[in-house]
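Enquirer: Sequence:
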Amino acid sequence: MEKRLLNNYLALCVKQQLGLNVDLTDQYDFAENLVSKKSIIAPTFTDKVLSNNQLKIFLSSLITELNYEKCSADDIKERLENLKKSHLEEIKKVV
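This note's numbering runs 2 ahead of the 1-based position in the sequence shown.
Keep in mind the hints are simulated off the structure, nothing from the lab.
Take these hints with a grain of salt, some might be off.
[Said to hold, decoys possible] Here are the simulated DSS-like pairs of lysine-lysine, each with C-alpha atoms no more than 30 Å apart in a straight line:
#, residue 1, residue 2
1, 79, 39
2, 5, 58
3, 5, 79
Let the sequences and hints guide you as you build the complete structure.
Expert: Right under this line is the structure:
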């Protein structure tokens, strides 16, 4: 999975749930689970995330969910599209 795709997905989730615009590029990395050999997302939170408890908990939960599910790049793309659609619908309701 490419980091840019995951970064866009995480950033949009944070924007929708917490109303924050945060650059999450350096807040996680890809690693390999030593037992299963499966690629996982490893949090590498900096003070930017650690200083905001709500953001830290939300991102930790989201990353855990992604690690436990079998999420391919296509799955993330589909989730991202669904988030964008729901976000546009919310904006239309406000306007």
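Enquirer: Each hint: holds or not?
Expert: Results of checking the hints against the structure:
Among the hinted pairs, residue 79 with residue 39 is consistent with the structure: their alpha-carbon atoms are about 23 Å apart, no more than 30 Å. Our distance criterion of 30 Å between C-alpha atoms is met by residue 5 and residue 58, whose separation comes to about 19 Å. Between residue 5 and residue 79, the direct Cα distance comes to roughly 12 Å. Compliance with the 30 Å bound is thereby established for this hinted pair.
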